[in-house]
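K.L.:
Given the sequences, and given the hints that come with them, work out the whole structure.
If you read the protein sequences in the order shown, they are chains A and B. Residue numbers 1 to 202, in the numbering used here, belong to the letters of the first sequence in order. Residue numbers 203 to 322, in the numbering used here, belong to the letters of the second sequence in order.
If you are wondering where the hints come from, they were derived from the structure by calculation, not from laboratory data. A few of these clues could be false.
Derived DSS-like pairs: lysine-lysine, alpha-carbon spacing no greater than 30 Å straight-line [said to hold, decoys possible]:
#1 K21(A) with K164(A)
#2 K222(B) with K163(A)
#3 K281(B) with K222(B)
#4 K21(A) with K163(A)
#5 K58(A) with K251(B)
#6 K174(A) with K222(B)
#7 K174(A) with K21(A)
#8 K21(A) with K281(B)
#9 K163(A) with K174(A)
#10 K281(B) with K174(A)
#11 K21(A) with K222(B)
#12 K174(A) with K164(A)
If you're wondering where the values come from, they're calculated on a predicted model, not measured in any experiment.
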Amino acid sequence: MNTNSIALGGDAPAHHFDGSKNVFGFWIYIMTDCILFATLFAVYAVLHTHTYGGPNAKELFSLPFVLTETLLLLTSSFTYGLGMLAIRTQASAEALVRWLWVTFILGFCFIAMEIYEFHNLYLEGHTWASSAFLSSFFTLVSTHGLHVTLGLIWMLAMIFQVKKHGITPLTKTKLTCLGLFWHFLDIVWIFVFSVVYLMGAI
Amino acid sequence: MTKHETHFDVDTGAACGTYKTYVRGFLLSVLLTLMAFCMVGFGGFGLSKAALYVAVAALAIIQLFVQLVFFLHLSTHSKSSWNLLSFIFTLVMVAILVVGTMWIMYNLYANMGMNAMAMS
Numbered sequence: 001m002n003t004n005s006i007a008l009g010g011d012a013p014a015h016h017f018d019g020s021k022n023v024f025g026f027w028i029y030i031m032t033d034c035i036l037f038a039t040l041f042a043v044y045a046v047l048h049t050h051t052y053g054g055p056n057a058k059e060l061f062s063l064p065f066v067l068t069e070t071l072l073l074l075t076s077s078f079t080y081g082l083g084m085l086a087i088r089t090q091a092s093a094e095a096l097v098r099w100l101w102v103t104f105i106l107g108f109c110f111i112a113m114e115i116y117e118f119h120n121l122y123l124e125g126h127t128w129a130s131s132a133f134l135s136s137f138f139t140l141v142s143t144h145g146l147h148v149t150l151g152l153i154w155m156l157a158m159i160f161q162v163k164k165h166g167i168t169p170l171t172k173t174k175l176t177c178l179g180l181f182w183h184f185l186d187i188v189w190i191f192v193f194s195v196v197y198l199m200g201a202i
Numbered sequence: 203m204t205k206h207e208t209h210f211d212v213d214t215g216a217a218c219g220t221y222k223t224y225v226r227g228f229l230l231s232v233l234l235t236l237m238a239f240c241m242v243g244f245g246g247f248g249l250s251k252a253a254l255y256v257a258v259a260a261l262a263i264i265q266l267f268v269q270l271v272f273f274l275h276l277s278t279h280s281k282s283s284w285n286l287l288s289f290i291f292t293l294v295m296v297a298i299l300v301v302g303t304m305w306i307m308y309n310l311y312a313n314m315g316m317n318a319m320a321m322s
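P.N.:
In structure tokens, the structure reads:
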């Protein structure tokens, strides 16, 4: 790209796409998202004891089930990283798309498990309206789930963009932003896992 | 991650990792997750409740930094100084929000004679 812009640099102004500001802007967005999750965690911390006579976290959640979810998301973060690595080391769109699919499937399994868990809770009569504890639980965990779902849709879009345009500075910028988003969601989930599920089971 | 290992992409200005850093980050994360899970899942190994809370929180915070360094490639390199600065600012905000809320609300519970921890 650098040599390109130098070669073009005579009459027409060289058009070199610089994604660094996009990536930094996206980083700032992620920082604001941290604040959003922090408020939801604070609400959960305050309300998790208000079970309104219903079951508490210890009685409701299964730790091995949630551990599986955690490992799925953790692995998906790793495979996304391997995809980004494939761009740099092999410059291979095919390898990248393969890793993106692996990441997508892992993320999809995570969401499927979460929906299964929510559906089971709903069937047992533990809904968002049951108690302040469950309201704050569903708000916190499903806000994370919604982010992951959006990430999955974005990932599908990137798979098609890479297939159509290949690895260009523009697609690379978008992939970098999606990577920040995906790793960030992994970190948020670590805190959901620790605060809601592990501390809930103590 | 040492400074010479940090590479910056020409097009995106983003720091990128190597195969080694990704594998290390992944293994460390899995290890920390399993440690926290085993501590709680297998009866706490005779630790008190308070000690378990502290241990789980500490492991989560260690994992936060592991993932920040190995996956998000946040470093003290001058090229990512604005990322680091905005992150530190966010950490302060998050701490004020969460600690402040809990401080105020638990105080309120105590003064109203409802022990928040005993309610569960």
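K.L.:
What are the numbers of the hints the structure violates, in ascending order?
P.N.:
none
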